[in-house]
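Quick note: to get the working numbering, add 115 to the position in the sequence shown (first position is 1).
It cannot be assumed that every hint is accurate.
Listed next, the in silico DMTMM-like pairs over lysine to aspartate or glutamate satisfying Cα-Cα at most 25 Å (straight line) [what the hints assert, rightly or not]:
#, residue 1, residue 2
1, Lys169, Glu246
2, Lys169, Glu208
3, Lys216, Glu174
4, Lys165, Glu175
5, Lys165, Glu201
6, Lys169, Glu241
7, Lys199, Asp132
8, Lys165, Asp215
9, Lys170, Glu208
10, Lys245, Glu204
11, Lys245, Glu174
12, Lys195, Asp132
13, Lys170, Asp181
In case anyone wonders, no lab produced these hints; they're calculated from the structure. Just so you know, these numbers come straight off a predicted model, no measurement behind them.
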Amino acid sequence: MRETIEYDVLMTKKNRDKAMISVAYLFLIIISAMIMGFISGYITWDRINKSIAKKSNAEEFYCNVDGFWHGRRRHNVNFKFAGKGEEFEISRETYRRYSDKAPSAYRLHIIARKGVGNYYVVDNWEIETKEK
């Protein structure tokens, strides 16, 4: 009788381990599907937005520069567009040129096309001094 109880306990443990592996495998599949869905959705959204933006007229915007930021590998110029903080990546040389100057003396001249909703596709932009 004692051998039967030990055998049942071992079988239960094996079944529990199989169940845990099955749950982990299912979780991995769900996470992978979510990641792939996000990536493919982003790519599709980007293509649709760009194709609609190509058909619209270019608009000019002037935004005040809030600051110049640098990290280990990235350098950015920060600004606000429609009340929302945005940034453009800049080269190391551009960062060096402007980093020791007051950001309030500069603005961004942005040429963009309106896509879906309030999303814009930027054609070109440049940093320029503010006119007095």
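Verification of the hints:
Simply put, Lys169 and Glu246 have alpha-carbon atoms about 31 Å apart, too far for the 25 Å limit, and the pair is violated. Annotation: proposed proximity of Lys169 to Glu208 is violated, straight-line Cα distance about 31 Å (limit 25 Å). For the hint linking Lys216 to Glu174, the alpha-carbon distance of about 28 Å lies beyond 25 Å, and the restraint is violated. Restraint check for Lys165 and Glu175: satisfied, since their Cα atoms lie roughly 17 Å apart, inside the 25 Å limit.
Pair hint Lys165 plus Glu201 holds up; C-alpha atoms about 19 Å apart against a cutoff of 25 Å. At roughly 21 Å between alpha-carbon atoms, Lys169 and Glu241 fall within 25 Å of each other, so this suggested pair holds. Straight-line distance between C-alpha atoms of Lys199 and Asp132 comes to about 50 Å, which puts the hinted pair past the 25 Å bound. Distance check on the hinted pair: Lys165 and Asp215 sit about 36 Å apart at the alpha-carbon level, beyond 25 Å; violated.
At most 25 Å may separate the alpha-carbon atoms for a hinted pair to count; Lys170 and Glu208 exceed this at roughly 34 Å. Our distance criterion of 25 Å between C-alpha atoms is met by Lys245 and Glu204, whose separation comes to about 20 Å. With a CA separation close to 19 Å, the supplied pair Lys245 and Glu174 stays within the 25 Å bound. For the proposed pair Lys195 and Asp132, the alpha carbon gap of about 54 Å is over 25 Å, so the pair is violated.
As the CA atoms of Lys170 and Asp181 are separated by approximately 31 Å, the hinted pair breaks the 25 Å bound.
In terms of the numbered hints stated before, the structure departs from hints 1, 2, 3, 7, 8, 9, 12, 13, listed from lowest to highest.
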